[in-house]
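**Student:** Letter by letter, the chains look like this.
2 protein chains.
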Amino acid sequence: MTTLVFGHKSPDTDSTGSPIIWAWYLNEVQGGDAEAVLLGEPNTEAAFVLTRWDIPKPRMIGDVPAGQPVVIVDTNNPAELPAGINDADIRAIIDHHKLVGGLETKGPIDITVRPLACTATILYDLMGDDTAKMPDWVRAVMLSCILSDTLEFRSPTTTAHDRAVAEDLAHELGISIPDYAAELFAAKSDVSAFSDAELLRMDSKEYTVAGKELRVSVLETTSPATVLSRKQSLMAAMTDVAKEDGADQVLLFVVDILNEQATLLVPNDLVKTLAEKSFGATVTGDTVVLPGIMSRKKQIIPALTL
Amino acid sequence: MTTLVFGHKSPDTDSTGSPIIWAWYLNEVQGGDAEAVLLGEPNTEAAFVLTRWDIPKPRMIGDVPAGQPVVIVDTNNPAELPAGINDADIRAIIDHHKLVGGLETKGPIDITVRPLACTATILYDLMGDDTAKMPDWVRAVMLSCILSDTLEFRSPTTTAHDRAVAEDLAHELGISIPDYAAELFAAKSDVSAFSDAELLRMDSKEYTVAGKELRVSVLETTSPATVLSRKQSLMAAMTDVAKEDGADQVLLFVVDILNEQATLLVPNDLVKTLAEKSFGATVTGDTVVLPGIMSRKKQIIPALTL
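From first to last, the protein sequence lines stand for chains A and B. Be aware that the first sequence starts at 936, since it is given in the numbering used here, and climbs by one per residue. Be aware that the second sequence starts at 936, since it is given in the numbering used here, and climbs by one per residue.
Isolated chain A (complex conformation) (with noise of 0.2 Å):
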């Protein structure tokens, strides 16, 4: 049976990109029969590289069936997968974030998680001298991965290690890191086909801070503005989306690249006291920016109290 390869249900360039590189490593070195798929629609800067690199959409799949064989990257969280995960056959794990708890497994698999800013790199490291044998395509995607991931070696989640593998993967491709940062960074930066609820819930994650559930969203852009320019009608659709997915707030954070700052959306009274608590910020309107602030992971998820 065809394995499965896929990342987390809100697939970034990363969980989409991972994906496609392990697959082409299981089929074309591995000699094995995998399959890419994603669990939700890519975001526009993992349909910018597609396209860029003429890279087919991988199909979108629901649940699995259980005893589907399948791959899991960029990921570790239940909540984050196929309802029927625990009754896949899951063949390994590849991951850079926390262990959560919650994923079993029938036997002893390969399991690798990496404190890396990117999936793609363990992929990278994982492949061996392997990595010779890609295609500029794959070199691509992973470039683009970390790249990505680490905003252009911005982010506090980025490793000398991912710097490096980045670097020599753009040497290979001839191609030069800033410009195709910017290319990509553009790419995510159009949010304008999406409602304010799918932007909400574009790059999100809930969290428990003092009983509280917080779902908390982050936007990584190069033009802030054209997102704050329309914060009356996303601070509105953040109680309903709150209400539909069981949360009792929705955080927005939109995380301004190039400027490494975060500007996060107030619009109530528990948002202030969180921010004022979390961030040590001193909050008069109905935003506050949080200087040096680009990582969920790193800055913000720790940071968080009530």
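It should be emphasised that the hints constitute simulated quantities derived from the structure, not laboratory data. Being a predicted model, the structure only gives us computed values, none of them experimental. Hints may be right or wrong, so weigh each one.
Given that identical chains are not distinguished, each listed pair holds provided it fits within a single copy or across any two copies.
Cross-link-like lysine-lysine pairs, in silico, DSSO-like; alpha carbons within 27 Å at most [said to hold, decoys possible]: (1) LYS1232 - LYS1178; (2) LYS1147 - LYS1041; (3) LYS1041 - LYS944; (4) LYS1140 - LYS992; (5) LYS1033 - LYS944; (6) LYS1233 - LYS1041.
Following the hints, position chain B against chain A.
**Tutor:** Just chain B now, with coordinates in the frame of chain A:
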């Protein structure tokens, strides 16, 4: 703060030896500050390995304080670890068991699980070229772990890679694998000092099968007759052990290493039914021989049904 490296609460050779190997690597190669510790008394084979290679017995610890840096080897099961494990600062997990879920980490860490017979084989792979730096006593501990967990390559969990690593180590040490394995297994088979209850708990894991809590115990020995001469008192002790440990039934599989078979004690109709349904065995007395059965992980647990 010193990083504590430990395996599970019933330290066999792999769970005693792998922390020693990895602490050596973290200290001597990585330049860190690590200490191998034990969560329980090593079994007779593990104790033999320490004496044979003149290695000080690691100190035993109970719980770990919150924030304690730890590396977990040879398990990912919170039930086999200190109560406070999820409040410790888990730095890495290296294991070869199925993912059971339940461990959580504060951030992304190094997790390496591989479907190999032995944790020490994974340590060898993780060290890469640094294996050349291992002193003989570290090589010897590594070889001991592999021979123990594979039952000298007889267990179906054995992979070609475990075997190749063990053969390389034995060659470098100038040791005969059959001779040394015989020493190990003789030590493992010397159970005279243990009470019946101790024997039932020595290498034991709990599983739920059809709503029943089963404590599945394995005794690997080159002298099954020695254990089976105690079968009446072992079966009598099962009731108390089950009650004390909150289990419905203790199962004891006496694994005959040399003849590659297991004898299951059959104290009552529940175990009789289980033996018949799980292994297609015909049970006539209070024991039943199961030809070819050597591995709890690979053969017993997947077969158990009621």
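**Student:** Of the numbered hints stated previously, which ones are contradicted by the structure, given in increasing order?
**Tutor:** none
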